[in-house]
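There are 2 protein chains.
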Amino acid sequence: LNSQPSPEESLDPQDWDAFRDLAHHMLDDMLDYQQQVRERLVWQPVPAEVKAFLKRPLPQQPQSHQQVYQDFVENVLPYPMGNIHPRFWGWVMGNGTPFAAMAELLAATMNPNMGGGDHGANYVEIQVVDWLKEMFRYPAEASGLLVSGASMANLVGLTVARNTLAGYDIRQKGLRAGQRQMVLYASQEVHSCVHKAAELLGLGREALRLIPVKQNFEMDLAALERAIAADRADGFQPFCVVGTAGTVNTGALDDLQGIAEICEREGLWFHVDGAIGAVAILAPEVRGCVEGLQRSDSMALDLHKWMYMPFEAGCVLVRSEPAHRNAFSLTPEYLAHAERGLAAGNLWFSDYGLQLTRGFRALKVWMSLKEHGVQKFGRMIRQNMAQAQYLKQQVEASPRLEVMAPVPLNIVCFRYNPGGMDEQMLNRLNQELLIRLHESGIAVPSSTTLHDCYCLRAAITNHRSRREDFEILVQACERLGGEVVAEWLGKAALTR
Amino acid sequence: LNSQPSPEESLDPQDWDAFRDLAHHMLDDMLDYQQQVRERLVWQPVPAEVKAFLKRPLPQQPQSHQQVYQDFVENVLPYPMGNIHPRFWGWVMGNGTPFAAMAELLAATMNPNMGGGDHGANYVEIQVVDWLKEMFRYPAEASGLLVSGASMANLVGLTVARNTLAGYDIRQKGLRAGQRQMVLYASQEVHSCVHKAAELLGLGREALRLIPVKQNFEMDLAALERAIAADRADGFQPFCVVGTAGTVNTGALDDLQGIAEICEREGLWFHVDGAIGAVAILAPEVRGCVEGLQRSDSMALDLHKWMYMPFEAGCVLVRSEPAHRNAFSLTPEYLAHAERGLAAGNLWFSDYGLQLTRGFRALKVWMSLKEHGVQKFGRMIRQNMAQAQYLKQQVEASPRLEVMAPVPLNIVCFRYNPGGMDEQMLNRLNQELLIRLHESGIAVPSSTTLHDCYCLRAAITNHRSRREDFEILVQACERLGGEVVAEWLGKAALTR
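One line per chain: the protein sequences are A and B, in this order. Residue 450 in the working numbering sits at position 416 of the first sequence; the count goes up by one each step and never skips. Residue 389 in the working numbering sits at position 355 of the second sequence; the count goes up by one each step and never skips.
This is chain A alone, in the form it adopts within the complex:
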C-alpha cells in the first residue's frame, strides 16, 4: 500500500531521506548544545529584532524544514531561560538530561493518549506511579497520577479531600448545598498554587486559613490547633491541613509528624505539598527532615524540580484509591470500557483527574529512573544540599554578603550589604544586583522578600552545579554589588 499513488495529501515528509539527514543534524546540534552548556552564558536578554521576528503573522504557505529549523536556531535556541546551565538557581527548576530529552522524542513518536486502555505506554505509567509510591513509602494499594506539575497535583489532592470529606454528594450538589463553609489550613509560607486551588474549587481564598510560622518559617502547630478549634466553634467545617515539605521561599519544612497527629485527632485530610522537598526522602543522611510525609492522605510531587526531569512531570499520590476514583471518575458512553480490544483494561487514568487526553510524560521518568537508579538521585539531592551549605558558608565568609534565612534544605536567601545603608536602599541595591547578575550571564538566582527585606535566592536543584560555581556566584555578587555602590556614590558626588 505504501507505494500506491494517491491524490490524498498527508503531513509526513515528502522526501524522507532529506528529512532524515536534517533530523540527524538537529540531533547533533541538540547534543552539542547540552554538552557545551557550561561554556555559554547562563542567560542573555532577547534582542529587539528577535522579538520583531516573532511577531510576524500566521504563515499561510509552507516553509522548508531547513528554513523552519534555521529560524529556530537563530531566534529561539540562543535565548534560553538558562535552567539547563550549571549556574542557574532561579525559582525552583530542574535541568533535564540528554537521555530524558531523547525519551521525549520517543514519546512524541509513539504519541499514545494516556487516557486509558490496553497499550504499552499505560503500563509504563502504572509502573512509574508504583515506583513513586515505593519511593515515598505509600502503600502498594494507593493511587497516583502523573500531571503537569505540582499546581495540578495540589489541585487534584485538594479536590479529593473536598469531595471525600464534604459529607454529601458535593460533585452533584455543589458547595452551596453544604451545611457549613468548608475551610482548610496551611502555613503563611504555602505556595500560591494552593491559594489558586482554593479559589478554583469555589471555597474562596478566605477559606484557606493561613497559619503563622515560627522564626524558622515552619508552621506554628499550636496556632494551627487554635485556628481549628476557633473555626469549629464558629460553625465552619475544617476538612484539610496542607503541610509543606520545603517552602518555596526558604525551603522550610513543616513538622509533618505533628500535622499528621493533629489531622488524625481532628479527622482532617492531611495533604502534603512536597513539590520542593519531598525527594529528600531519597537521601538516607537527611530523610529525617521529611519524616511524616508517608502518613499523609495525599501528596503533590514535582519530578521536574529536584528529580531533574524535563518539564512537565508532576505527580499526585492518594492513599485511598477509592477516594481518588470517586472524586473524579465519570464515564460517558463514548468512553465505555471493554472486556477485550484497545478499550480493555481496568485502569483509565482519566478516572483520576481532570485530563482525559494525556501525553506520555511517564516515559522520561521511567527511562531516567532506570538509567540512574534511585540511589543516584538520592546522592544528587544530597549533593545539592551540601552545595547549599557550602554557599551559605561562602556567604557567611564574605564581609559584604549576609545570609537572610536558615538553610534547612537547598534554598539559600542572602543579600549584599556593604553597611551604612537603610533597608529601603538595601532593597534597591539588591534588586539592581540581581538584574546585573542576570545580564552578566554569570549566574541566575531569583529573588524573594522576607520580613520586608529583598533577598537574592538560590534554589539548588541542579545536577550540573559544582562547588566552584558557587564560588563564582559569590565573587560576582561582591564585584557587581561593589560596582553598583560605586556608581551610586559617584552619582551622589556629582549631584552634590
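Hints are computed from structural coordinates only; laboratory data are not their basis. Take these hints with a grain of salt, some might be off.
Identical copies go unnamed one by one, so any copy, or any two together, can satisfy a pair.
Claimed, not checked - Cross-link-like lysine-lysine pairs, in silico, DSBU-like; alpha carbons within 30 Å at most:
(1) K207 / K248
(2) K410 / K89
(3) K410 / K85
(4) K525 / K85
(5) K426 / K410
Fair warning: this is a prediction, and the values are worked out from it, not measured in the lab.
Position chain B against the provided structure of chain A, taking the given hints into account.
Frame of chain A; chain B shown alone:
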C-alpha cells in the same frame, strides 16, 4: 572549567560519544517507525509477559543507556495505542508528525519553563497564541494560553466566566457568599469534561443544565431559552452557555450564531467547546458550519486532535484579556516581576491559568504551522471531512451496515445489522465486532451509544488516512460481522 576534575556527580552521560551514537540509532529507529507505520498492524494486545516485565520494583542501581533503550524497544514500542496509524479513528485523536516529534526533542533540550520572563521560548508561545487568535477570528487584543488539552481549556474558560460574572469577589469569598446559585447551560451532548469542570468549580453537576438536542443532535435553542427563563424565575443566577462546535458522539454542531444572540440578549458568557470541530474554520468550503464561533467570549481548542499535533497541545482563548487575567493572576513575592533581567517582561503566562511551571508545548505548534502553512491544515481538514462522507457512502452501500447518525463533520457512527436481530442482540453483536476489529489489527474505530443503540464510531482526524483505508474498514466489518453471526448460529445449532 569543563575539563576540571571534580568529585561531584552529574546526570549527564559519562561517555558523550557513546551516548551520541546511541542517540542517532534511536533517531533512526523512530524515523523508521513512522515511515513504516502503514505496514504494521494498527493495534495488538499487550502480552502477559510484557505486563509482568512492567511490574518490577523500583530500580536501585543504574542500567546502561543501551539496556534501557532495549527495554523500551522490546516492551513498549511494539504495543502502541495505534493512533499514528492511517486506520486509527478511535475516540478523537490526532497522529503527530515526524517534524513535530523533532520539535519535542528541541523543546526538551532547551527545557524552558514557560511560566513567564524574558526568554525566547515565551515569545514563541505569544506568537502561537496570536496565530490562533488570527485563525479563529478573535480580536488582536484577546488573550490566550496553551494548556494540556480541551479539558483544561474548558475549565479555564468556565473559571473566567464564573469569576467575571459572579458579581462579587468570588476568588476571595467563595461560592457560598453569592446571593444565588450560579447555573450554566450546555446540550445533552456536551463533553464530560464540562461536567467535571462544573464539579471542580464547586457549582455541582446539577448547576450544569443539560438542554435537549434536536434530531440532528444540535442543542434545541428554544429549550435553552425556556430553561434560562425558568431558572431566573426560580431565583437561580444563569451565567454561561457552552456551545459545542462538534460533539464527541456525532460531530453535531450547535447553532453558534443563535447561542451568541441569546447570550448577548441575556447578558450571559458564551463559551465554545471547539475541541473537535472549531478547526473547520480553516477550510473555506465548510467554514460556515462553525459560523458564530468568533462571537464567543472564550473558546477551548485541541490542537492534538484535528490539527494533528502530538499530545499535549490544547489552547484556551479569552476575548477579554483583563477578565482572563483577573480570574487567575496572583503574584507572590517569590515571583516578583522585574524591569530588566530574566524576570522582566509583561507577560507571565502563570497569570492566566492554573499552571505555574509550564512546558514548551508551543514549539511543536510553531514549527508545524511554519512547516505546512495554515492553508494546508485547511485542506487536510477538508480531506478528512470528504473521507467521512466517503465512509458514509460505503456504509450505505453495504447491505449489512447502516449509518446511525447524521455526518455533519468528520465522525461516522454505524453498525453491522444482518437483519432479524433485536436491539439487544445487535448491541452485543457490534460490541463483539469492535473487539475483533481491534484484535485483527486492521482498523481501530471506537464506540458510542445513541438512543440505546451501540454503534461503531469513526472520528477521522488522521492525516495519514486514504480512501482505500475506509474500504478496508468496511470490508473488515462485513467479514468479521459475518463471522460472529456464523459462530453464534453454530453455537445455537449445537445447543439446540
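Hints versus structure:
1. K207 / K248: For K207 and K248, the Cα distance is within 30 Å only across copies (28 Å; inside one copy 39 Å).
2. K410 / K89: This pair counts as between: shortest inter-copy Cα distance 21 Å, intra-copy 44 Å.
3. K410 / K85: between (41 Å within a copy, 26 Å between copies)
4. K525 / K85: neither (33 Å within a copy, 71 Å between copies)
5. K426 / K410: This pair counts as within: shortest intra-copy Cα distance 24 Å, inter-copy 57 Å.
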